[in-house]
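Trainee: Below, each chain spelled out in residue letters.
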Amino acid sequence: MKKLIIGVVLVNLLAACASEPKKEPVADVSAPAPVTKAEAEAPKVAPAAPAKAAVDPLNDPTSILAKRSVYYPFDVAVVQDEDKPVVQAHAKYLSEHSNRSVRLEGNCDERGSNEYNLGLGQRRADGVKKMLELGGASAGQLESVSYGEEKPKASGHDEASWSQNRRTDLNYAR
Amino acid sequence: MILRVLQGMVGLLLLMQASMASAVLTIEIVGAGENQIPIAIVPFGGDARVAQTINEVVTGDLRRSGLFRLVDPTGKSPHVPAEVSYPDWEVRGAEALAIGMVVAQGGRIEARFRLLDVVKQTELIGQAVSASENQIRAIGHRIADLIYEKLTGDKGVFSTRIAYVNRQGTKFSLIVADSDGHNEQVVLAQNEPIMSPAWSPDGSQLAYVSFETGHAVVYVQSLYSNQRRVLVNFRGSNSAPVWSPDGKQLAVVLTRDGSSQIYLVRSDGSDIRRITFSGAIDTEPNFSADGQYLLFTSDRGGSPQIYRMPVKGGSTERLTFGEGSNFSPRHSPDGKNFVFAHLRNGRFYIALQDFQTGQMSLLTEGGWEKKPSFAPNGKLILFASEGRGRGILATVSSDGRVKQHMFTQSGDAREPVWGPYP
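Order-wise, the sequence lines are chains A and B. Quick note on numbering: the first sequence equals residues 1 to 174 in my numbering. Quick note on numbering: the second sequence equals residues 175 to 596 in my numbering.
Among the hints, a few may not be true.
List time: in silico DSSO-like cross-link candidates among lysine-lysine, alpha-carbon distance up to 27 Å [to be verified]:
1. A:Lys151 x A:Lys84
2. A:Lys67 x A:Lys151
3. A:Lys84 x A:Lys130
4. B:Lys345 x A:Lys151
5. B:Lys345 x A:Lys153
6. B:Lys250 x B:Lys294
Because the hints were derived from the structure by calculation, they are not lab data.
Turn these sequences into a full structure, and let the hints steer you where they fit.
Mentor: In structure tokens:
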């Protein structure tokens, strides 16, 4: 049964990836090797719907919780309207899973001094932290840090790179 | 050395490309000072290898300053005053002449050198400079300092050191090097970012920000013993360390009470006092030479700009206005101006502003030019720039006339800061 659930999750993931190639990379994804194995075994099992309650929604690639980054305009640290549901979903999850903790890592594009950006990234991470607390997470589950412009995801001097670098990542402890 | 002459907008623009023998880095020089002093440096007599290294260092230093024009000594090689025929040098247009001998003995090198005034036919300096045989470049820098001081009246900075961060992929190294980028020493190497190195006033220690524990923490490390200690480590970010001129305390930026604010802390990490209360991002503090004022960057007015406040508290004054935003202020050693990074229309410039007049001038043409710091004599400004797709070190003279780019062997050079006089 456990194997089946993993199989279904992974198949879902494949489907999600196929239909939405631009989706954010999902954390906690196993190596692709087990997929073939799971698919090969799947037909042998009766097609009963897997019990959703047994799956940690954090590991469900179709869940909004699979989104682990929020993005910002230039020199802005306020969570944007389109990303608010993401943060609120994580707040709800954390409030229901008091054993989980998350690190909020603020990042910036390179248009600023390294030190100013360290402050801006901290402000971004702290903003997400505050929203999570308002949504029911407890302070003990949350740590906010900043990398400023020190860990860019993309290195070009253009908006295509900068827009990826202006973000706060929600990194769950394993 | 390749010498190309280009037609510039205002007169002639000299572009020199010098390839240093040790291949540590390449230096390109653009522009020239207004009144260059013509000087001939004759390769010293004695051990040819030692003499050649010293000659490279002395000529390289003087050329980079932009204040000297090197007169070709080919064909004449006096090493002592008795061998000098002044008319030979007058006819070549040299106003000063440096000659000398090197002697290697018992693991030490001694250079006996003289600086001669060609016009007055007098000796300006006669001095012996010595060091251990692995410090040949230091001898060259010292001789260049002596020549520079005698002929310009300003103290030379060729014997000083710089610190910067080298980034190669995910590998970060904190580097200390001679002012010309040679003689690199790795102070710290790790796979997490390093930021904001700051020299203690006596040059014996570096404070810096390291992310090795997963967030920004300020450390202080001795350059002699390599021992280090945590200066401040609160939740959130601990950053932007800078020493007070008396070395007794540092200003740092902490987010422990909310947004980035400036605090003072004793050099042993005790007695932490908050001194800004804006709720905005207040960062990059820099002490005036008398220790009375701090310049800093703040976005309290909406965009990042430069502000000044008394260290003891009191009214804060905004210093930069107009188009664009401004970062990373540093007082000039004479206290008359401050240098900073100016961001406008997506380009960073190195800018200088006069405290008295409030007049801002751009010293560079713009690009990715960040984190300026003055040489201790105030004549040169070191900053982070970009060239050939990499982060590089660059300098510009404080009048904006002479620029040089220093290409390190690999990786991105970032966060440079000029050290104090030795």
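Trainee: Against this structure, judge whether each hint is valid.
Mentor: Outcome of the hint check:
Proposed proximity of Lys151 of chain A and Lys84 of chain A is supported: the alpha carbons are some 24 Å apart, at most 27 Å. At most 27 Å may separate the alpha-carbon atoms for a hinted pair to count; Lys67 of chain A and Lys151 of chain A meet this at roughly 19 Å. With a C-alpha separation of about 12 Å, the suggested pairing of Lys84 of chain A with Lys130 of chain A holds against the 27 Å cut-off. Taking the CA atoms of Lys345 of chain B and Lys151 of chain A, the gap is near 11 Å; set against the 27 Å cutoff, the hint holds.
Straight-line distance between C-alpha atoms of Lys345 of chain B and Lys153 of chain A comes to about 15 Å, which keeps the hinted pair within the 27 Å bound. Annotation: proposed proximity of Lys250 of chain B to Lys294 of chain B holds, straight-line Cα distance about 20 Å (limit 27 Å).
Of the numbered hints listed earlier, not one is contradicted by the structure.
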